[in-house]
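Trainee: Okay, here's what each chain looks like letter by letter:
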Amino acid sequence: MSDIVYKKIDWVIAGIWLLLVVFGWMNIYASSVSEDGFTFSLKEKYIMDLIWVATAMMLGFLILFIIPSSLYPPVALPFYALMVLALVAVAFVGVEVNGSKSWFALGPFRLQPAEFSKIATALLLAQVMSKYGFSFARFRDALQVALILALPMLAILLEKETGSALVYLGYLLVCYREGMTGWILVIGLLAIVFFIVTLVFSPFVAVLVLLGMTGVAYSFQVRKPLQGLLITALGITLLAFLPRLLQLEALSFLNRFDPAEWLALLAGTAALVLALVFWFHRQKKRRNLMLGVLLGLLMIFSVEMVFTKVLKDHQRARIEVLLGIKEDPMGVGYNVHQSLVAIGSGGLSGKGFLGGTQTRFNFVPEQSTDFIFCTIGEEWGLIGTLAVLGAYLALILRLISSAEKKKDHFARIYGWCVACCLLMHVVINICMTIGLMPVIGIPLPLLSYGGSSLWAFTILLFIYLRLDLDQKKYE
Amino acid sequence: MDAYKNRRGILVIAIVIIFGVIAFRLFQVQILDKDYRVTAENNALKYETLYPARGRILDRNGDVLVDNKMTYDIMVTPYDVRPFDTLAFCRIFDLDTAFVHDKFREYRRYRRRIGYQSLAFCRQVTSEQYNMFIEKSYQFPGFSGVRRSSRAYPHAGGGNLYGYISEVDPAYLREHPEYRSGDYVGKTGMEESYETLLRGEKGYVIYLRDARGRIKQHYENGEYDKEAVAGTDVTTTIDGTLQAYGEQLMKNKVGSLVAIEPATGEILTMVSSPGIDVSLLADINKHYKDIVSDPYKPMFNRAVQSPQPPGSVFKLVNGLIGLQEGVLTPDTRYGCNRGYVVGNLRVGCHGHPSPIDLYQSIMMSCNAYYCYVFRSILDNPKYGSVREGFEKWKEYTASFGFGHRLDTDIPGEKAGTMPSAERYDRIHGKDRWRSLSIISLSIGQGEIGCTPLHLANLAATIANRGWYYTPHLQKDMPDCPIDERFKERHYTLVDTTHFADIVKGMELAINYTGGGATATVARIPGIIACGKTGTAQNPHGDDHSVFITFAPKDNPQIAVVAYVENGGFGATWAAPIASLLVEKYLKGEISPERKALEQRVLEGSLLHKVKVKR
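If you're matching them up, the sequences are chains A and B in order.
Using our numbering, the first residue of the first sequence is number 232, and each one after it goes up by one.
Using our numbering, the first residue of the second sequence is number 208, and each one after it goes up by one.
It is worth saying that the hints were derived from the structure and are not from the lab.
Don't take every hint at face value.
With a straight-line Cα cutoff of 25 Å, these simulated PhoX-like cross-link-like pairs (lysine-lysine) come out [what the hints assert, rightly or not]:
id, chain 1, residue 1, chain 2, residue 2
1, B, Lys276, B, Lys394
2, B, Lys794, B, Lys760
3, A, Lys274, B, Lys310
4, A, Lys637, B, Lys212
5, B, Lys212, A, Lys638
6, B, Lys637, B, Lys599
7, B, Lys589, B, Lys637
8, B, Lys621, B, Lys818
9, A, Lys543, B, Lys409
10, B, Lys310, B, Lys496
11, B, Lys394, A, Lys543
12, B, Lys637, B, Lys458
13, B, Lys458, B, Lys802
14, A, Lys703, B, Lys711
15, A, Lys540, A, Lys239
16, B, Lys493, B, Lys276
17, B, Lys212, B, Lys458
18, A, Lys703, A, Lys636
19, B, Lys493, B, Lys458
20, A, Lys636, B, Lys212
21, B, Lys310, B, Lys343
22, A, Lys391, A, Lys540
23, B, Lys760, B, Lys711
24, A, Lys362, B, Lys212
The whole structure should be built from the sequences, with the hints applied where relevant.
Mentor: This is how it looks when you write it as structure tokens:
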């Protein structure tokens, strides 16, 4: 271990890691300390967190200096298998906390395998996708990747930890970087758009949006953008007035159904006929476009079903509050409302360390775990929240640029995985606290209270640091 | 070398945009938006919940069955409490000082979790206590009172029917996120069925607190406050007077009494005896232990939750099936010499003239007659095997509602049981059973279980000559309509033309004066009622006494079942009880010649006959 090794460590990544961990502890202290002040007792969250921080540092040291990076590719598969088994096992023998069974209890310590399976998934993805000749164009390879992602997600859904399962979708970005077709991401985005439009407005409006998009795409396809756009705009406007016209006529047989349903059905049928006409078109491009229309229709008409049948009551309620369909600041909307008040009350520079009143005394539930961002917002203000946001952005971009420099594909893909995993956590968590997404309970990396999460992200990052170090040795 | 290198740029741009959106939103929340910009001095909002008055439950004539009375919950905000005169406090609310100390020890332990929140300290104090408290409230900082409505019951009886309300428990809260700790929710009975109508909508007043947690003022002059919306009154199909009379009749007997208006399926009376005493309902938590440990199980709504063998009442169903299948006509005569005997098997019967036709078989409740009928249904050569005949028979019984839930609006309704061919396969071996093996079904014994509600529905179906509406408790009102499923007529698989013959038999059972009729005790002066007795054997002691009836014969107004456990013959207890209820409903009073009968029923007790586990 020479001085040269120390110099080659990526100190930017390690530095941001340390900053976030220390800042996280300060905020956990602020949100959980009682009026009696600092008390040295294992019952206090901030003392427990110190233990987790200390052990995480030891883990980091171990990974960075002792465990050789050549170990990871061969152990990736067994480690992954073990984690999936643990995920399934915990759904049956785990301890139940807040309605989801996702913890193994070891005395006063609790471990959440869902946090660690992210590492295993990242390692296995990197191993599989870095194999010579891997290509998403090959069905076998694509299926392999799909399975690697789907298994832990399904197991986690079994534990009713929907949030943690969502994080795995972040790895799709890595897949995209490595050659997966971008259409999967586009379709995913469109699904979200249609879901929201259908719920907030009506299926009819969603079908109009779909028709509009199709019109735009088609007019570019036939290279007559101006003409096509004009016709599309005209058609959509006319259709949009259809509800008015129908209401005037008030046909009696229509009354049996919701007018919105009728309209959606009408517009849907029209689109379907259109789609079928184009289906028999010889050009493949057109066919793809119409395949898209069919898929869109399927999405729109399944929204109601998904919303009422697949989602649980509390999930439905959270989405309704988010989309403004229902207002309920005392019920389901309580968390978000209180969270926004806490963050908003911080203003530009915040109320100062330990000065927050909203986040202490439990106005915001879960304020040291999932809602830790509220404490930051209230006590450190916009300056604090932007600093944290900046730190995460710097960490993610640094990881990406560092990964891109790697000649070794394993290290590159793993680096991307770490970046995307962080990205998903940060975006989902912060968006939840500021009311941009429904309440999905996942921790803010390195800041939230919780040993499993802290350990997992430390391991995730430090494995990359070691990979990075070993790559530089050979330069 | 790397074909997808350019995708890095796309992803990085996307990531930066997403972070940009978040940063903008933070700027909006923390700097621009006034709604969230509360200044440092008065930064905490305090929501005080306004609880709505719960909807009342009315009877079919608009009489109030379940009313509200004002009580108060004393709330405490532990954070604001300063040392106070515990003794004076306890004297107001009639509390033990130890209780107060325990509570505060608990608050101290969970002080961090509680924070600024206020909690219920003691519930449902009377308005006198509350007034005393208000006078001295300056002595007790941190305590306040909240108006809550609790329940009051102007009429005695109906405990199981109404159900009760109680505070939500954590398990319920997890399932129903729209409730918050401290809310009341309907448990069992109509309180549960019509919870969404009755509960109303909570409101709140928002106050501002300063940094020390003191309440300063109304937030934005109450602009964001929300008024509580009172719950909707629910009108039931119950006739309050009749219900009370039914409860009296069933006093000190174990069983049920159910009355339905045949033309609508509306339940007029539903008694489960012994029931919960309504005087305990409003404050049920205090008495919960006693009620649950009562050996007669008052919480158990026997009318819909206790499937029992129907006994001879079921002969009506078998008769109807026989008529429809063409294996029986009103003139079919069978002989009976004190029973039905084949080889070693013997189904006993009482002494009566022989041979008899269908009308007489109903009037005298002959067992042997229905053994013949049942066998001719199952052994009908039209069906290839007994199994097929049995399945057909079961299809018929299902069309009367037996063996499945009727899907009423009464919580906890049981399906009862009808035996399956597979069950007999298990007992006798695959297809090793014959119609004789299951002959007890002919007289409503054996593997049949139906709830009293099923039997009441049977009475209504026969009264209507072949159809029924699903029985229900909510009355159809213009502003509060009932579910569509209660407006749909259900026809049985038996043609409506066959019912007249069965009705004639039932008429004779009550009104035939030539001797041999089983239910003459149910005769009501001036009214032609139809009925059928049942005496259900059971392994728990004396036979259960069963009676179904409807009246008047033409254009029936009421159909009743009485099921009296361990009451002996159908004519002993069930027939008098059911017929008295009918008379009360149709005439408003009991005729003088039946006063003695009424007296006997009101004073009779059968509790000693019912075996209970103590």
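Trainee: Return the numbers of the hints above that this structure violates; sort them in rising order.
Mentor: 12, 14, 15, 17
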